[in-house]
Amino acid sequence: MLVVTGTAHADLVLYTVPGTEITLKLMGKVTVNVGGTVSCRHERGTLHFSLSDCQIVRTQSNQKIYGSKSSAARREGTAQSHLDLALWCVEQGMLEEADKELAEAWKADPNNPQVRLMVQLVKYRRATVPSSASIEQEMRQFVKSDSMKVARSRHYILLHDCSDADDPIYGKPIAQHRLDLLEKVYDSFYMKYALEGHPLRVPREPMRVVLFNDHADYLNFVRILSPSLKMAAGFYSPEENIAIFYRQKTDEAYEGADQLVEILKGLREEVRRNPSAAGGEIIRLAKTVELLVDIEGENKEIEVVTHEATHQLAANSGLLDREKFQVRWAHEGLASYFESPKEATWAGIGAVNEQRLGYYRILSHDPEHSSLEFVVTDRIFDYASTNGSVMSAYGQAWALTHYLMNEHLNELLAFYKKMAVDDFKVERDDAWRDKTFATFKECFGDIETLELEWRRYMRDLKTDDELLADKL
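Just so we're aligned: 441 in UniProt numbering is position 441 of the sequence shown, and the numbers increase by one with no gaps anywhere.
Any given hint might turn out to be false.
Pair by pair, the computed Cβ-Cβ distance ranges are [to be verified]: (1) Gly77 / Lys123: 20 to 28 Å; (2) Glu138 / Gly77: 47 to 55 Å; (3) His198 / Leu292: 38 to 46 Å; (4) Arg204 / Ala165: 30 to 38 Å; (5) Lys29 / Ala165: 26 to 34 Å; (6) Ala127 / Glu21: 51 to 59 Å; (7) Val421 / Pro203: 54 to 62 Å; (8) Gly279 / Gln355: 19 to 27 Å.
Straight-line Cα separation of at most 20 Å, EDC-like style, residue types lysine to aspartate or glutamate; simulated pairs [unchecked claim]: (9) Lys324 / Asp464; (10) Lys462 / Glu91; (11) Lys64 / Asp434; (12) Lys64 / Asp464; (13) Lys471 / Glu354.
The set of hints was computed from the structure by calculation and includes no laboratory data.
Since this is a predicted model, take the numbers as computed values, not measurements.
The beta carbon of each residue, even a glycine, is placed where N, CA and C say it ideally should be.
Build out the structure end to end from the sequences listed, making use of the hints.
Following this line, the structure appears as structure tokens:
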């Protein structure tokens, strides 16, 4: 057992359920208390354990890493050092810190062209894009509802039917919480590409979003629009330029989890009424599972919102033209690259997605159906006939995009641009696939070497649990 005394900088507790081999992982601020108990404070609740049942792992927080990097950038004193750190902050989802570094870059060299560009982008981000009555009217016509309410943020207009009361967990209305997440993704999206030297076109009107409070109402809506969407957790409609979501926790798929939580709450009350020797452990286990269910539900919300929001941003920024650019692996790979839920928060850009990596690894043992050519020509999606094969396609798209975004960004953006031309708007036949692959080779060069490097990159990529195992 690894023991950390006092208030630990560690943020990870491995709790082994007494009398079992079940171990649950929890993130939070950890305190070892007098008397042999441990408190783990998560943003969504505090849990208490016996020290003998816990393993506490010391990890370095992003805030602490940022502090060290910021000191180094100040010592170097160049605009570029602060710009580089601003990019790192954006990728970690630390936008306030990124803005601080941009301010430092301005102090270091206000005439630096990229610094001046970033200052203009910051001004745009902080301003509110004007809306109009016609936008709201068009959205209402699309959802066929005059009763849904409107909520606004700097760059979004949200049509919703959620309660206006503060949510007990969020501390704000659900609609506002959703808009806050969308704004964070919006800012991160534009800042990343600008800091990488590829500024994108910014919209001149608010992005349109619809949020259904209940899954059943979402199903009624898509049943009329397109029955094939009933299995989607959310979607982006390029024709109307609207992203549509529902609250994931109202999905029937979560009924089992909700029932489990209610059973555990009942069990806790029973233990309080009739104390027993094992009562404390029962209450601890019940509260732990309840928190984990809550975190998993919020992670799903974040994953869906960031995925579809990225589709919308890619289309509106000109990065991936929805009318001309028809390569599905690129669309889904980019959206998956931005979906990084972790512990009920958005972890930033390009974090390792355990589910996507898992599906990639499964198919990677099949050289024919995981080859670079099979993915790039979209056969990976076109030939997917089961839910498992579709999920494997998403895994391959995420993996290839993750590699290219981190190692060959300029070439990837060149490929996006070359594919977004009118003569690619043809039937997806073998001729289209041949032309697509030829364009890819034109942008990236030696395909055999690229594929070998991609496989090597993916072998080195590890999930949080795998990194944790290396430490233990």
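So, going through the hints one by one against the coordinates:
1. Gly77 / Lys123: 20 to 28 Å: holds, 25 Å
2. Glu138 / Gly77: 47 to 55 Å: Given about 51 Å between the Cβ atoms, the range holds.
3. His198 / Leu292: 38 to 46 Å: Roughly 39 Å apart at Cβ, these two residues keep to the hinted range, so it holds.
4. Arg204 / Ala165: 30 to 38 Å: holds, 34 Å
5. Lys29 / Ala165: 26 to 34 Å: The hinted range 26 to 34 Å holds for Lys29 and Ala165, with Cβ atoms some 29 Å apart.
6. Ala127 / Glu21: 51 to 59 Å: Holds - the Cβ-Cβ distance for Ala127 and Glu21, about 55 Å, lies within 51 to 59 Å.
7. Val421 / Pro203: 54 to 62 Å: Roughly 22 Å apart at Cβ, these two residues miss the hinted range, so it is violated.
8. Gly279 / Gln355: 19 to 27 Å: violated, 36 Å
9. Lys324 / Asp464: violated, 37 Å
10. Lys462 / Glu91: Given pair Lys462, Glu91 holds - Cα atoms ~17 Å apart, limit 20 Å.
11. Lys64 / Asp434: violated, 49 Å
12. Lys64 / Asp464: holds, 18 Å
13. Lys471 / Glu354: The given pair, whose Cα atoms are some 18 Å apart, holds under the 20 Å limit.
Comparing the model with each numbered hint stated earlier shows that hints 7, 8, 9, 11 do not hold.
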